[in-house]
Structures are given as C-alpha cells and as structure tokens.
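Chemist: Order-wise, the sequence lines are chains C and G.
Counted from 1, the first sequence has number 188 at position 188 by the numbering used here; the numbering is strictly sequential.
Counted from 1, the second sequence has number 8 at position 8 by the numbering used here; the numbering is strictly sequential.
In short, the hints are calculated from the structure, not lab data.
Any given hint could be a false lead.
Said to hold, decoys possible - A short, non-exhaustive set of chain C residues, derived as facing chain G with CB atoms under 10 Å: (1) 52; (2) 133; (3) 137.
To be verified - Simulated restraints, written as ranges between beta carbons of each label pair: (4) G/31 to C/7: 57 to 63 Å; (5) G/95 to C/14: 33 to 39 Å; (6) C/158 to G/59: 32 to 38 Å; (7) G/59 to C/172: 50 to 56 Å; (8) C/54 to G/59: 47 to 53 Å.
Unchecked claim - Dumping the calculated EDC-like pairs for lysine to aspartate or glutamate here, alpha-carbon to alpha-carbon at most 16 Å: (9) C/39 to G/95; (10) G/57 to G/10; (11) G/57 to G/95; (12) G/11 to C/64; (13) C/188 to C/80; (14) G/4 to G/43; (15) G/11 to C/171; (16) C/162 to G/95; (17) G/11 to C/79; (18) C/25 to C/161; (19) G/4 to C/109; (20) G/64 to C/64; (21) G/66 to C/12; (22) C/145 to C/92; (23) G/92 to C/90; (24) C/162 to G/44; (25) G/57 to G/26; (26) C/18 to C/161; (27) G/57 to G/28; (28) G/4 to C/90; (29) C/58 to G/80; (30) C/162 to C/35; (31) G/66 to C/213; (32) G/4 to C/158; (33) G/92 to C/12.
Beta carbons are placed, not taken as given, at the ideal position from N, Cα and C, and that holds for glycine.
Residue strings, one per chain:
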Amino acid sequence: MALIRVNPTRMELANLKKKLRTSQKGHKLLKDKRDDLMKKFLSLVRENQELRKTVEEKIMGVYEGFVIAGAVMSPAALDEALMMPKQRVELEVGSENLMSVIVPVFSFETSGGEGDNYSYGFVSTSGELDSSVAALADVLPYMLKLAQMEKSAQLLAEEIEKTRRTVNALEYVRIPNLQETIRYIRMKLEENDRGNTTRLMKVKDMIVQQGIEEQKARDEMAG
Amino acid sequence: MRSKIAVVGEKASVMGFRAVGFEVIEAEESAEISATVERLVREEYGVVFLTEQALSKVPGLLDKYKDTRIPAIIPIPGRDGTLGIGMQNLHKSVERAVGADILNH
Chain C
1 MALIRVNPTR MELANLKKKL RTSQKGHKLL KDKRDDLMKK FLSLVRENQE LRKTVEEKIM
61 GVYEGFVIAG AVMSPAALDE ALMMPKQRVE LEVGSENLMS VIVPVFSFET SGGEGDNYSY
121 GFVSTSGELD SSVAALADVL PYMLKLAQME KSAQLLAEEI EKTRRTVNAL EYVRIPNLQE
181 TIRYIRMKLE ENDRGNTTRL MKVKDMIVQQ GIEEQKARDE MAG
Chain G
1 MRSKIAVVGE KASVMGFRAV GFEVIEAEES AEISATVERL VREEYGVVFL TEQALSKVPG
61 LLDKYKDTRI PAIIPIPGRD GTLGIGMQNL HKSVERAVGA DILNH
C-alpha cells in the first residue's frame, strides 16, 4: 500500500486520524446505501421485466389489428383516417426521490377525445381499425408505466454503480492507506522519542564527566 | 413540467400511434433517426418510444441518454416483431448495477 506523503508530525497524525474516522463512517453509510439501493433495484427490475413482456405482447396484438385493417382498407384510406387525431396526450413529468436518486414520474392526460377517440368517420373505415385503435388506447397507460420504470431502473443502476465504486475505493484504497500512514507516523514519532532520550542520556553523561574532571583538577590544586 | 410523447420508427409500425394522440415521427434511415432523437432531446420530450427496428440501425443511441432524467427512450417492438433489444437493455442495466446478469431469461 502506498503511503500518503505527509510530514511525520503529531499535528498530521491527529489530522489523519480524523480523516480515517470520517472515511470509515462514510464507508459504512455508503455500504448501507448500496445494499438498500440494490434491494429496490432488483424488485423494480423484476417488475419491469414482467411489464415489458406484457406491453410487448399487447403492442404486437395491436399491430396485428392494424395489419388486418390495412388489408381491408386501401393504404390511402388508412393514412387519411389516422391523419388527424382527435385525441391528444399530454404528459406531466414529475419527480420522485428514490434514495437520493431523482427519478421521473410520468402521468398523462388525454384531451380532445370526447365520447370516443376515433378520428374518422365510420363510412370509409373498417371495424378492425376501430378495435385496433381502442386496443392501442388500452396499452397507453402500460406503455407510460413501462417508460417510467425503465428510466428509474437505468438511473438506479447508474447510482448503484457509482456508490459501489466509492465503497470499493474507500474500502480497498483510502482506508488502508490512511491506516498505514498513521502507523508509519506513530513509529517515526516513537523513534524520534527514543533518539531524543538517548541524546539526553548522553548529554547528561558528558556533563557528569565534566563535573568529575573539574573536581579532580580542583583537588590536585588543593593537594 | 409539461412534456410530450413521441413515437419514432418506420411508417408501418408507428402509424397507428397517431390515433391515440402520440406525436408520430416516421424515420427509416439511421441518420434520420439519430437526428430526430437529438431534436426530441433538445425539445425536452418526456418519453420517446422507439421501435427496435429503428433502434438497431443506430447502435449506442440508448446508452447515450440512459443517465439523463428525460427523455426516457423506450424501445418498443416494431411491426415485424420484437428483436429483444428492450429486454437486452434491461439485462444490461442489471449487469451494470450488480456486476453480473442475475435476471432469469
């Protein structure tokens, strides 16, 4: 593990210890967040899978209806019948906070289609067209639900990935580095301490020696 | 926020959606499709349904907008049936989150 380049001082040691505490706390919190996000994500995605299957089937059913309608009517008449829709769909995009991930919430309003939503007269069109349009109107809410779910799943997946990266970086890089550096500084400080003690002992010895020699000299003068 | 819904794809598939009030844009060529989607993103459409047949012509289109809140670009099957792109996409996001595809096929 790489040491963090710092001066081995007490001040640095205190700072690093504080950083280590923060990192460990953050690591725990993010881990919890990741686990919870994952739980939400998995249930969402399972539901999403089911819904997608349903919607795909329903849409295929609608297409079949249109194919039959297209076979009964001339393409020009079909075009014409669908050209001017009576109904309009208005989408309202809200947002929801799902574990700090902002996901969109789609709700929709249809307007204009009073009574029925057939944009054509019944003379030149076939009954198959009517039922396909009605079936499509049925699928509409499912499609929007699907859109909302898929988008949420994608956004959640992104957040999980980001959180997982941070958790790993903290767990395998940041925290070990900090721990190692703290140990290094501790050892360095102890070593300095020991060096200091020996130096003091040495100096004391020298002073004592000097005192003895001075005493000797004085004794000789007197003697 | 008010927004709009668009359906993009080849004419035969998307034509019908006009009847229920979606905005329908017919696009067949890959350049046309990506230009259309770009325009829809700029105009802040909320949901863009794209047929898988159209989507298969512009690889990478889904990934480009998957991290933005809107639009939600949602693959739907085209008239010729589903190509499985929508499901694949779902599996991809699971792989991204979990690290392995754990959905049952």
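Chemist: Would you mind marking each hint as holding or not holding in the structure?
Modeler: Hint check:
no. : hint                      : in the structure
1   : 52                        : holds (6 Å)
2   : 133                       : holds (5 Å)
3   : 137                       : holds (5 Å)
4   : G/31 to C/7: 57 to 63 Å   : holds (60 Å)
5   : G/95 to C/14: 33 to 39 Å  : violated (44 Å)
6   : C/158 to G/59: 32 to 38 Å : violated (20 Å)
7   : G/59 to C/172: 50 to 56 Å : violated (34 Å)
8   : C/54 to G/59: 47 to 53 Å  : violated (27 Å)
9   : C/39 to G/95              : holds (14 Å)
10  : G/57 to G/10              : holds (11 Å)
11  : G/57 to G/95              : violated (23 Å)
12  : G/11 to C/64              : holds (15 Å)
13  : C/188 to C/80             : violated (87 Å)
14  : G/4 to G/43               : holds (9 Å)
15  : G/11 to C/171             : violated (53 Å)
16  : C/162 to G/95             : holds (14 Å)
17  : G/11 to C/79              : holds (10 Å)
18  : C/25 to C/161             : violated (20 Å)
19  : G/4 to C/109              : holds (11 Å)
20  : G/64 to C/64              : violated (32 Å)
21  : G/66 to C/12              : violated (43 Å)
22  : C/145 to C/92             : holds (13 Å)
23  : G/92 to C/90              : violated (31 Å)
24  : C/162 to G/44             : violated (26 Å)
25  : G/57 to G/26              : holds (14 Å)
26  : C/18 to C/161             : violated (27 Å)
27  : G/57 to G/28              : holds (9 Å)
28  : G/4 to C/90               : holds (6 Å)
29  : C/58 to G/80              : holds (14 Å)
30  : C/162 to C/35             : holds (13 Å)
31  : G/66 to C/213             : violated (88 Å)
32  : G/4 to C/158              : violated (25 Å)
33  : G/92 to C/12              : violated (45 Å)
Consistency with the previously given hints fails for numbers 5, 6, 7, 8, 11, 13, 15, 18, 20, 21, 23, 24, 26, 31, 32, 33, ordered from lowest to highest.
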